[in-house]
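Trainee: Chain by chain, the residues run as shown.
2 protein chains.
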Amino acid sequence: MRITIIGSGNVATHLSAALKNAGHRIVQVYSRDMHNATLLAYHVGAEAIDDLRDINPQTDLFIIAVKDDAIIETAAHLAAYSKLIAHTSGAVDLEQLLNITPLAGVFYPLQTFSKTKEVDFREVPMCIEGADEDIVKTLEALARDVSNSVYRISSAQRKVLHLSAVFACNFVNHLYGIGEQLLKDSEMDFDLLRPLIKETADKAMLNSPYTVQTGPAVRNDKNTMGTHLQLLKAQPHLQRIYEMLSQDIIKNHNKGNGDK
Amino acid sequence: MRITIIGSGNVATHLSAALKNAGHRIVQVYSRDMHNATLLAYHVGAEAIDDLRDINPQTDLFIIAVKDDAIIETAAHLAAYSKLIAHTSGAVDLEQLLNITPLAGVFYPLQTFSKTKEVDFREVPMCIEGADEDIVKTLEALARDVSNSVYRISSAQRKVLHLSAVFACNFVNHLYGIGEQLLKDSEMDFDLLRPLIKETADKAMLNSPYTVQTGPAVRNDKNTMGTHLQLLKAQPHLQRIYEMLSQDIIKNHNKGNGDK
Numbered sequence: 000m001r002i003t004i005i006g007s008g009n010v011a012t013h014l015s016a017a018l019k020n021a022g023h024r025i026v027q028v029y030s031r032d033m034h035n036a037t038l039l040a041y042h043v044g045a046e047a048i049d050d051l052r053d054i055n056p057q058t059d060l061f062i063i064a065v066k067d068d069a070i071i072e073t074a075a076h077l078a079a080y081s082k083l084i085a086h087t088s089g090a091v092d093l094e095q096l097l098n099i100t101p102l103a104g105v106f107y108p109l110q111t112f113s114k115t116k117e118v119d120f121r122e123v124p125m126c127i128e129g130a131d132e133d134i135v136k137t138l139e140a141l142a143r144d145v146s147n148s149v150y151r152i153s154s155a156q157r158k159v160l161h162l163s164a165v166f167a168c169n170f171v172n173h174l175y176g177i178g179e180q181l182l183k184d185s186e187m188d189f190d191l192l193r194p195l196i197k198e199t200a201d202k203a204m205l206n207s208p209y210t211v212q213t214g215p216a217v218r219n220d221k222n223t224m225g226t227h228l229q230l231l232k233a234q235p236h237l238q239r240i241y242e243m244l245s246q247d248i249i250k251n252h253n254k255g256n257g258d259k
Numbered sequence: 000m001r002i003t004i005i006g007s008g009n010v011a012t013h014l015s016a017a018l019k020n021a022g023h024r025i026v027q028v029y030s031r032d033m034h035n036a037t038l039l040a041y042h043v044g045a046e047a048i049d050d051l052r053d054i055n056p057q058t059d060l061f062i063i064a065v066k067d068d069a070i071i072e073t074a075a076h077l078a079a080y081s082k083l084i085a086h087t088s089g090a091v092d093l094e095q096l097l098n099i100t101p102l103a104g105v106f107y108p109l110q111t112f113s114k115t116k117e118v119d120f121r122e123v124p125m126c127i128e129g130a131d132e133d134i135v136k137t138l139e140a141l142a143r144d145v146s147n148s149v150y151r152i153s154s155a156q157r158k159v160l161h162l163s164a165v166f167a168c169n170f171v172n173h174l175y176g177i178g179e180q181l182l183k184d185s186e187m188d189f190d191l192l193r194p195l196i197k198e199t200a201d202k203a204m205l206n207s208p209y210t211v212q213t214g215p216a217v218r219n220d221k222n223t224m225g226t227h228l229q230l231l232k233a234q235p236h237l238q239r240i241y242e243m244l245s246q247d248i249i250k251n252h253n254k255g256n257g258d259k
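From first to last, the protein sequence lines are chains A and R.
Take the first sequence: its letter number 220 is residue 219 in numbering that gives the first Met the number 0, and every next letter is one higher.
Take the second sequence: its letter number 239 is residue 238 in numbering that gives the first Met the number 0, and every next letter is one higher.
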């Protein structure tokens, strides 16, 4: 396919590289910042533009990978070309794009990208939605060219997916940070915890997390929980987080989730 | 060294195998359950016993790997042999062992073990403490035979270490579980989230977590947070967890932790 990439951030960078590697032609890369457009365009053999009026209409698909609140405005500029437009956001409903064009779809890679770290795109789940079955099939086929994991996900599901990622990744990362801070405060290195963090994530690759829960809360070990709350007495916000998550683990376990 | 293993659980299993592989001699394995003692003893070429009166005094070190509340009682049975006794717990103070014997130490592997999953013991941080410098040096040398990461950790530090592991691993696993549950409730598979979970953990291997925090809270994206709280309206306990962790991320970010 001939593909036009709108945006030059992390998603645009990784996605356009994966599409090019899969044999597709990246026609143009648009960014408001010509420097960024040029960098990415060079990388994927495309033309760089910083003005939407310079769009080359000889394309099959516009992939919009800009900030959520700029997606609809940008799509409005592209609708005139009557080509398929797909956004890459976890949070924007297909409905919003449909207000602008009937040739609307979603091409959402569920992964956290950074420009410096390589990601194996074949492992990235691609979440597809489209205005009709033809569009879904087109985007699915394209997704399969870059990834082994392609899912049809509705807008309503996509919102929940994003929410679940906040729990299982954003909040998780914050808990890693709390762990590091506690160690620092007692002159210990975060390296002590890293193997355990890795093993905990590895276990979740093969298991249903509730069934492999460990720690004082799931054992209802009141002694240890009391010691921990005491250790946190100078940090009431951490005490509250500790208590709330421990209570949730206890309650969940009593409901019969988990196997021990 | 000639080593006697007290216990036949996950820690006893992985630790005795690692020590044997490093060339040490496991003399006996004790368990209250003769079946379990026999299984592990066979595995490491030791004698199985289920009665502490059958202890072979020709040993250099007793490693106690039993439940926390049984450690001191077990140690009391072994003190008569005047050999070094080390426990493997994150939560029991050296002081408690010192009430029983001056030949006391701690040999604590900071990892979550399961009997079915292999762990690369060389990556497991070993936390060492001892009644005197000689004991510390003996246990340190032994630890280096099985692991690349050996740390001197005081009892006070060990408590904080355990606490930090509750945040960064036990609570983290519970958040994975919440993520899975949210997906299930909307008929999506946990496989969608697994690559993101893995990448989040991988990032923590190389970075200080607060500096790579992502998600709506660190962006103070009130729109998305509002949508998420709305999605959780039927599950007030998850709303509370969502709000509390989001507030902590926002507060932490405003304090200047993190680089964006």
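Everything labelled a hint here was simulated from the structure, so no lab data went into it.
Glycine is no exception: its CB is placed at the ideal position from the N, C-alpha and C atoms.
Wrong hints could be hidden among the right ones.
Calculated cross-link-like contacts (lysine to aspartate or glutamate; reagent style EDC-like; alpha-carbon spacing at most 16 angstroms) [unchecked claim]: (1) R:202 / A:242; (2) R:197 / A:186; (3) A:221 / R:67; (4) R:221 / R:242; (5) A:202 / R:67; (6) R:197 / A:117.
Looking from chain A toward chain R, a few residues come up when the C-beta cut is under 8 angstroms (computed) [said to hold, decoys possible]: (7) 47; (8) 51; (9) 54; (10) 56; (11) 195; (12) 199; (13) 236.
Trainee: Next step is simple, just say for each hint if it's right about the structure.
Mentor: Okay, the hints, checked on the actual structure:
For the proposed pair residue 202 of chain R and residue 242 of chain A, the alpha carbon gap of about 27 angstroms is over 16 angstroms, so the pair is violated. Taking the CA atoms of residue 197 of chain R and residue 186 of chain A, the gap is near 28 angstroms; set against the 16 angstroms cutoff, the hint is violated. Among the hinted pairs, residue 221 of chain A with residue 67 of chain R is consistent with the structure: their alpha-carbon atoms are about 13 angstroms apart, no more than 16 angstroms. For the hint linking residue 221 of chain R to residue 242 of chain R, the alpha-carbon distance of about 11 angstroms falls within 16 angstroms, and the restraint holds.
With a C-alpha separation of about 24 angstroms, the suggested pairing of residue 202 of chain A with residue 67 of chain R is violated against the 16 angstroms cut-off. This hinted pair checks out: residue 197 of chain R and residue 117 of chain A have alpha carbons roughly 14 angstroms apart, not beyond 16 angstroms. A cut of 8 angstroms between beta carbons decides the hint on residue 47 of chain A: the least distance to chain R is about 26 angstroms, and the hint is violated. A cut of 8 angstroms between beta carbons decides the hint on residue 51 of chain A: the least distance to chain R is about 25 angstroms, and the hint is violated.
Given the 8 angstroms rule on beta carbons, the hint for residue 54 of chain A is violated: about 29 angstroms separates it from the nearest Cβ of chain R. Restraint check, residue 56 of chain A versus chain R: the minimum CB separation of about 34 angstroms is more than 8 angstroms; hint violated. With 8 angstroms as the threshold, the beta carbon of residue 195 of chain A comes within range of chain R, its nearest partner Cβ sitting at about 5 angstroms, so the hint holds. At about 4 angstroms, the closest approach between the beta carbon of residue 199 of chain A and any beta carbon in chain R falls short of 8 angstroms, and the interface hint on this residue holds.
Checking residue 236 of chain A against chain R: minimum C-beta separation of about 6 angstroms stays under 8 angstroms; hint holds.
Hint violations for this structure: numbers 1, 2, 5, 7, 8, 9 and 10, all remaining hints satisfied.
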